[in-house]
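Undergrad: Listed below are the residues making up each chain.
Protein chains: 2
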Amino acid sequence: MPETTAKPWGETKFVGKPIPRVDGYERVSGTAEYPSDVVLPNMLHAAILRCPHGQAQVKRVDLAKAREMPGVRAVLSDADKEAQIPWYAPPGSPGSTGSPTASRLFDPHCRFEGEEIAAVAAETPQQAWDAVRAIRAEYNVLPSVVDMEEALKPGAPAVQESGNRWGAPRETKRGDVAQGFAEADVVLEETYRTSCEIHTPSEIHGSVVRWDGDHLTVWDTNQGPFGIQAPLAAAMSLPLSKVRVISHYMGGGFGSKLNLGKYTVIAAVLARKTGRPVRLFLTREESFRAVGNRPAHIMKLKAGVKKDGTLTALQLTGLGEVGAYPAGTSVGYQVGDLYRCPNVLISESQAFINAGPNRAFRAPGFPQCSWALEQMMDALAEKIGMDPVEFRIKNYSAVCQMQQNKPYTSAGLRECLTEGARAFNWKDARLRSKGSGPWVRGVGVAAGMWGSQSGPPSTVRVSLYPDGSASLNMGAADLGTGTKTVMALVVAEELGVPLDRIQIENADTGTTEFTRPSGGSKTVFADSPAVRSAALEVKARVLEMAAAQLKLPVTDLAFQEGAIVAQGGTRKLAVRELTQLRAQQVVVGVGVRGPDPVDKVVRPFVAQFAEVEVNIRTGETRVLRLVAAHDSGRVMDLLTYRSQVIGGLTMGIGFALTERRIMDAVTGKMANANCHDYKIPTAKDVPADKTVIPIDLHDTECNTTGTKGIGEPATIPTAAAIANAFYHATGIRITAAPITPANVLTLLEERRKRG
Amino acid sequence: MPETTAKPWGETKFVGKPIPRVDGYERVSGTAEYPSDVVLPNMLHAAILRCPHGQAQVKRVDLAKAREMPGVRAVLSDADKEAQIPWYAPPGSPGSTGSPTASRLFDPHCRFEGEEIAAVAAETPQQAWDAVRAIRAEYNVLPSVVDMEEALKPGAPAVQESGNRWGAPRETKRGDVAQGFAEADVVLEETYRTSCEIHTPSEIHGSVVRWDGDHLTVWDTNQGPFGIQAPLAAAMSLPLSKVRVISHYMGGGFGSKLNLGKYTVIAAVLARKTGRPVRLFLTREESFRAVGNRPAHIMKLKAGVKKDGTLTALQLTGLGEVGAYPAGTSVGYQVGDLYRCPNVLISESQAFINAGPNRAFRAPGFPQCSWALEQMMDALAEKIGMDPVEFRIKNYSAVCQMQQNKPYTSAGLRECLTEGARAFNWKDARLRSKGSGPWVRGVGVAAGMWGSQSGPPSTVRVSLYPDGSASLNMGAADLGTGTKTVMALVVAEELGVPLDRIQIENADTGTTEFTRPSGGSKTVFADSPAVRSAALEVKARVLEMAAAQLKLPVTDLAFQEGAIVAQGGTRKLAVRELTQLRAQQVVVGVGVRGPDPVDKVVRPFVAQFAEVEVNIRTGETRVLRLVAAHDSGRVMDLLTYRSQVIGGLTMGIGFALTERRIMDAVTGKMANANCHDYKIPTAKDVPADKTVIPIDLHDTECNTTGTKGIGEPATIPTAAAIANAFYHATGIRITAAPITPANVLTLLEERRKRG
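In order, the protein sequence lines correspond to chains A and B. Position 216 (the first sequence) corresponds to 210 in the working numbering; numbering is contiguous. Position 102 (the second sequence) corresponds to 96 in the working numbering; numbering is contiguous.
Please keep in mind that the hints were generated in silico from the structure rather than gathered at the bench. The structure presented is a predicted model; accordingly, all values stated were derived computationally and were not measured.
One copy or any two copies: either way a pair holds, since identical chains are not told apart in the list.
Straight-line C-alpha distance at most 25 angstroms; calculated SDA-like pairs for lysine to any residue:
1. K236 / Y28
2. K236 / T505
3. K236 / Q574
4. K53 / V135
5. K59 / R270
6. K236 / E499
7. K294 / Y390
8. K7 / L232
9. K11 / A682
10. K236 / G556
11. K147 / G157
Kindly produce the complete structure, drawing on both the sequences and the hints.
TA: In C-alpha cells, the structure reads:
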C-alpha cells in the first residue's frame, strides 16, 4: 500500500500563493446563479405581513380582501393548520433541545416589530405586496421594552412569560479574584457598552422553493445547506432524503444565514398549497428587523495588576441582549484565556427585549469583549507606565487556562504583537506629534484570540480523470470567502492539477456529503484536511495502478505534478498513460478529516494596530492606518486571506464608528431599519494604508494542512484598537461604541466642563 | 470488521416484487424536467440546414441574407474556423481509434440526405427556421446509391473514396463446415433479408448548452452522460473537468443516444459564439435521417442436420448496411453460440450507402440474426419431422462454444422453451384448426440469447441519514427502463429503508461518478452489484457504530430493516439512536462492482411464442397472442421487468410487420421520414394476450445480485417467432421483413401461380 498519511507540506507550489478566485469569472460576469437569481417556470412570488408594533396580541386577521386581489394564489395565516408550526427555537436547530417552543410560525403574540403574521403568494411581487397591504389585521398593542437594563427592572413589560431574564447568570471561575485584587498594585474598574449591529449581507435573506410530489427542493442563501436541511425537514415533517437544499452561490451571511429562516418554511407551505414554485426574498427593511443581529452588551470589567505588569485578577460582569426569543451570546471567553491571569471571575446574564432574536455574528461576543478587555489593558498599561505592546507580551500565555492549561498547538500572539508593532512603527508612532487641532492623531493596539472547535466530521470527494483533470465534491458553501478556491488549491497541490482543470460541485445536500455550515472560521480548518485526505487517497490509488502497469514496487514510485516518477526522479508515466485509469475513467478518493488534537488546543491569535485622527471641533473620527498581524496558521491563498482580513477590519471600523441599531423606547420600533440611517462603512471609510501580516509558525499539530481560521479573528480587536487610538489622540476613554461625532462632542464638552 | 462480502440474497422483502416507479409521480405529472423541457434565461434557439440531396458537393453557402433575418444572433458554417471539427467517427467516441476522420462538422462533401451544412441561433425557434430557409446553398449534386448490393457493384457511385466495401470480410470459424454438411441428412440454404429500422424514441434528440466562462454545461437526452462527456470534451478541446453533461430524465434512446450528436457540438459552438445558452432539438424528420438506424441485412444461411435432430453445420454469409460513415453491426453471434454445432463458418461484409450512419439499436444484429437462424431452425425441424421446441432443446448448449467451451454461469434456454411452451399450450395450439380463410391462424416459436460483457467498473454512493432515510448517487441514466427504481430497491433491501425515503441523484457528470452509458442490457447487471456493495459498506459502518455504542462485539450484531439487532433477534437500537451517526449526520458507502467471472460466461436466454392470423385476401397479419419466457437471472422489479418485455415484444412486432426505411434509388432520399409513412406499432397492434414468464435459475456466479439483463433479449426472437407463426398459418416462408400486406399478397400470388 502506498503512503496515505498526510505529512506536513514542505515547499508548496500552489498553496500560499496569491491566487485569484476559481469562480471569479462567474461572480464578476453575472453568470453565477445566486439563490435570488433563481427563476423557475410557473413561479409565484410571496410577501409577508409583519407586526408593526413593538409588542402586540393579534386579535383578528381578515384575509378576505387579500384573497380577492388580482394575481393572488394563496394566503396563509395562523388560522391555517398547515402553518401552525412550532418556532423559536426552530425544531431541530442547534440549541433547540430544551428551548421553549412557545411560539409558532405566525404566532398571535408578536414580541417584536417585524414578527410574521400572514403571507401571500401571487403571480408577481407587486401583486403579493398589494395583497399584503390589503390584509386587515387588528392588534391589541402591548407595552414593550427595548433596553436590557429597563427590561430587568421590576414592573417592566414582559417579553417572555417566564420573565425577562434568560436563565440564571452563568459563572466561570478560576482562582480567587478577591485575593488577586488584594495582591494588585493597581485596580481599575470600568463599564463598557457596545451597540447592536445588523449583519447587512449583500444578498438579502430568502428562498426559492419547489415541490416535486412530496420532495422539497430549496434554493436558499445560507452558510451551509446541511444546516438548513435538517431543521427544514423537521419543520415540514419530512425525512432528510426528501429535502434538498442548494446553495451553490450566496451573497454573504456573517452568521445570519446559519439558521433556518421562517421565510423558507412560509415559502414551502405556500408552494405546497398552490402546487407551484414560490420565491420569497425579504426586503432590506425586513432583514434589518427579523433575521438577526449582534446583540448589544454591557460589560463591567475590574482588573488588578502589579507594577511589573503581572495581571493578578480579572472580573467581568456582563449583560447581553437576547432579543425576544432565546438566542444567547457570551462575551467572557477572552477574559478567561487571552492573558495569563491566575484569578478570574466571569458572570454573564442575558435579558429578553422586544426585538428580533440575535444570531451568531462574525466572532459572536468577541469584538464586544475586546472592546472592554483591550481598553482596560490599555488603561492598566498607562497606569503602571508600561508600553501597551510590552504589557500584552508580558502577560502572554502559551497554554489554554480554560482547559486545564493544555498547551496550544501554536500560539503566535507574541509574534503578532512584535511583527505588527515593527510594521506599524509603533514606538515612533506613539511619540509623534498628535497635532494641535482641530484634527488630533493617535495610535492604538489591541489583541485577540478565537476558538476553533471543529464539530462533526465532513466527507469530501476528489476525482481524477484520465486526461489529468480533476473534480472536487464538497458540502461546504462558499460565502464569498474563497472556500472553493482554497479547497481547489489543496487538490492542485497534491495532484499537480492546475486550478482551471478542477471542477467543483459544492453546497447541495442532494449531491454532496455532509459538512457543518461555514461559521466559526472553521471551514478551512475542518474541511481542508478532508480535501487533502481525499486527494491523498487518489494519489495512492494512482500509484497502485502505476505500480501494476510498470511492474515496479509501489514504494519506488511517487506522484508528482500529474505524473508518476520513479526513484531518482525519472518520469515514468503521465496520468493519461495509465491503462487502468483509462478503462475505468475515474479514480475517486473519499476524505474525512482526522481527529482533533487531544492534548492540545487550537486557537488563532491576532494583534491589530490603528492610527486615527479626531476632529475635536466636529467630533469626527477617521481611521488613517491599520496593521493586522494574524497567527491563523498556514495561509492557503494570500489573496483571499488578505481580502478576509480587510473585510474584518472594515467590519471593525463599522463596529467602532458607525453601526448601531436604534430602537424607539416608546413604540418599540427600530428607527433606522435602512441603509441610509444605519451606516455601514463604505470604501471611503476604510484607509488606503492597510498592512496584512500573516504569522505562520508552521503548526503541524492543529491539523494536516496547518490551518487555524482567519474569518473571525480579523474583526475581533479592530474596534478596540481604534478606541485605544482615539484615547491616545484625545485623552478621552470612550467606553460606549460606536464613536459617533455626537458621542465625541458630548465627551469633549464634559471634559471641558470638568476643566 | 463486520462482514461486507455479498452473499446471495435469500428471501427478499423488496427485490422481485412488482414495485411502481420511484419517479412515477414526476413522470406522470409533468414535473420531471427532461432535457427538452430545459428553459434557461436568455436562451437562444438553433436550427440546422441539412443537405437535401442523397449525395452532393456544397459549392457555395451564402449566409448573408440569413444573418440579416430578424432575431438571428449567429450563423455557422464550415467557413467558420471554430466549426471545423473532425467528425465520423467522432474523436474520442467508441470505435474512433483508427477510423477515418475524413469528414467535418459541416463537411462540404455531403454523403447522405440530411447531412449538416450550416446552423443558425436566433431568439425564437421560428426565427431560426426562417433564417435556415434564407440560407442560399449551391450544390454539385452527385450520383448516390442507397442499396447495399448495388453499392458493391462495379461502377456504383462512390460513397467513400476508399470504396464502398467497409474493410475486409470478417470470418469466424469452428470445425469444418464442408465436413459438417457432408455428415448431414438434410441441408437447407436460404437468403433472409431484414429492413432498416429507425429508433423513434419519444423524446427527439437534442441538447441545451450553456457556457460559464470556459466551463460547458449540457442538458442532453442520452443513455449515459459519461458517454457524451468524453467525446464532447475532445471535440471542444476541453479537459473533462470543464464539461458537465446532465441527463436526469430522458425520453428513450434504444441505442441511438449512446453517442455524441453533431447537434450538441453545433449548439456548443453557437453558444460560445453568442455568449448565450442555446437550445437545439431536432425535428422528427431530422431524427429519421440523421441520428441512426438498425441497418438492413442480407443473410445467406446454410444449415445441415441429422435425422435425429443433431446440427452438423451452420454457415452464414452476411452483408450489412453501414450508412455513409463507418459504423458496423455484426449479425453472426447467435449462429456461433445459440445451439450446439461442431462446424460453423460466419463471414460478414458491410457496405457503405448514401444514408445516415447506423447506430446500436436494441440488441444490435441479434433480431436480424434471429430472423434468419430461427426461421432456418423451423424449416430444419419440419424437414426432419421434429417439433420445433424439441428440436431447439435437442441442440441446447450449456457451454459457450465461442469462448473455449467455458460453461455459462446459468443457461436457462431449456427452461425458457419448456415453460414457455407449457404457458402457450404449444402442442395443442399447433394442432388446432388454422381456419379456412380469409383469416388463417398459426403458431411459432423462436429462441435467442444475448451477451452481457460488462466493461469498466462503475462507482456508486449510498448514504444513510440519522433519521433512517437514505440517498443513492449513481452515474447511470434511467432511459425509462426503471433503473432508478431497481437500484433503489437494492438499497431498500439491504438497509430496510422504504423506497420513498431514498433520494436519488443520477446521470450528471458533475455530481455522480463514472459508469458506462446504459446499453447492451448491462445497467442492472453491472451497476446493481455496485449499489449493493455501497449499501453493504453503509451497513458495516452502522454496525461498527452500534458495536462501539453498545459495547458489544460487532459480530454479535446485525442490521435488519433499519435497526440493529443482537443475536437472538432482540432489537437493540434504531438508526436514529446511533449517537455517532447523529453527530456526523451521514454514513457513506462507496461501491464498485466486483470482477466478472473468469472461468464462466454470463448470457441471458429467451424463448418466445407467437400466435398470428393472416388474411389471405388482404394480406394483413395480426398478432393474437405472445408468450415470452426469459432467463435474465433475478427479476429485480416485476413491474419494470414486465414492462421491459412488453416493450421488446412491441418493437419485435414493428420489426416483423411494419417498420421499414424506404429510400428512393433515384434521388437517394428517404421517402418515409415521418411517423405517418414510417409505421411503428401502436397499442392496437399489440395483442392483449401477453404472458411474461421469468425463469430464475438463482445464478450466484454472474454477479452479486444474480442479474443478467432483460432489455435487449426481450426483442431478439419476437419477429422470428411471428414469421414462424406466419409460415404455420400460411405455409409460406416469408424471408424478407417486414411482413407487409403487399409482400404477403405478392407471395400468395406467386404460390397461386406455381399452383
